[in-house]
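> What follows is each chain in one-letter form.
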Amino acid sequence: MSTHVDDALLARFVAGDLGEHAAAHVALHLDACPACANRAREADPLARAFAAVDDPVVPEGLVAAALAEVEARGRATDERLLGLGLAAALAVTASMLSVLSTGPVGWAARLRALADLVIDGALGPWLALGTVGLLPVVALLALPADREAPALALERAA
Amino acid sequence: MRLHDAPHDESAHIALAADGDPTARSWVASRWAAPLHRFCLRMLRDEQDAQEVSQEVLVKLLRALDRYDPQRSFSTWAYGIARNACIDHLRRRRLRTHEPSREVADTSPTPLQEASRAERAERLHEALAEIPPMYREILVLYHFEHLKYTEIAEVLDLPLGTVMNRIFRARGKLRTAYEGRGGVA
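Respectively, the protein sequence lines represent chains Y and L. Numbering-wise, the working numbering puts 58 at position 58 of the first sequence, and it's gapless, one number per residue. Each number in the working numbering comes from the position in the second sequence (counting from 1) with 1000 added on.
To be clear, the hints were calculated from the coordinates, so they are not data collected in a lab. Note that the structure is a prediction, hence the values are computed from the model and not measured. Accuracy of the hints is not assured; some may be wrong.
Claimed, not checked - Restraint-style ranges between C-beta atoms, simulated for each label pair:
{"#": "1", "chain 1": "Y", "residue 1": "A15", "chain 2": "L", "residue 2": "R1117", "range": "17 to 27 Å"}
{"#": "2", "chain 1": "L", "residue 1": "R1117", "chain 2": "Y", "residue 2": "E60", "range": "18 to 28 Å"}
{"#": "3", "chain 1": "L", "residue 1": "T1176", "chain 2": "Y", "residue 2": "L84", "range": "40 to 50 Å"}
For glycine and all other residues, C-beta sits at the position ideal for the given N, C-alpha and C.
With the rest of the complex left out, here is chain Y (with noise of 0.2 Å):
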């Protein structure tokens, strides 16, 4: 639709006369000509009974509340994923040395042992099998805030 919308078309629109196809290729030419858009506002006298209503106040202390709960929950998470992090090494590292302990060794020489493992590059089964079980957890942290509801929702809470 290259021209404005005629004024009888126009009318038919917002009367709500036009069918669901005829309707959209309207919509798409007022979305892109705010000439006619205006016109379109005009001749709607809904559109003209919203104009009569104020906007309503921000309630005051709004935006710094938001930021203050944004400001925790980051310390949370962060708190959170520390603990996470040491207690998944402490796990990995306990395991290697329980393994480790076939006998009546010192921790001295349970390290130096494990030092030799990892000199000789033989943890690398270990490392992996404690990346693998970090994996849900790292997953279970990078779950989106704002999850989509199901568009059919509304219409069911209607």
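With chain Y fixed as given, assemble chain L onto it according to the hints.
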């Protein structure tokens, strides 16, 4: 037009806020607090609920900024988050209270009485509260938030034709409710 002020400035602030810049985050929160609160209030029709939900929406929005796709319109993304939060809240409220249809006093004016601007606004709000949320949201997005039809289709995740069909039904229902209160549409 509220939504398209200084888009480059806004996208720069959004990118900085997504990287964790506190000043930019504060800018985004201040920029979006009014539209989101306005939308929530008109959907929920309760000051306290609207404050609670709009704060929740702002928090979600700020925390999800790093997942926002700059190819999409920020406004439709933001209103989408607000819409979902309002739907969830309406559902919880319904479960909690089996929300009764609001009692509406007879506010019909005498034939010669001209309704004041405030009265007309209140009548419109009451009429809006009376129609189902799926129709209310589409009118709020179009008439109060001045979204384009294609933007509304994106927020609601519906084809444009369906949006048009719904908006005409919504207007019809609102007109009936509004005129039932003595408003002239």
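> Let me make sure I understand: some of the numbered hints might not hold for this structure. Which ones are they, in numerical order?
Per hint list: single violation, 3.
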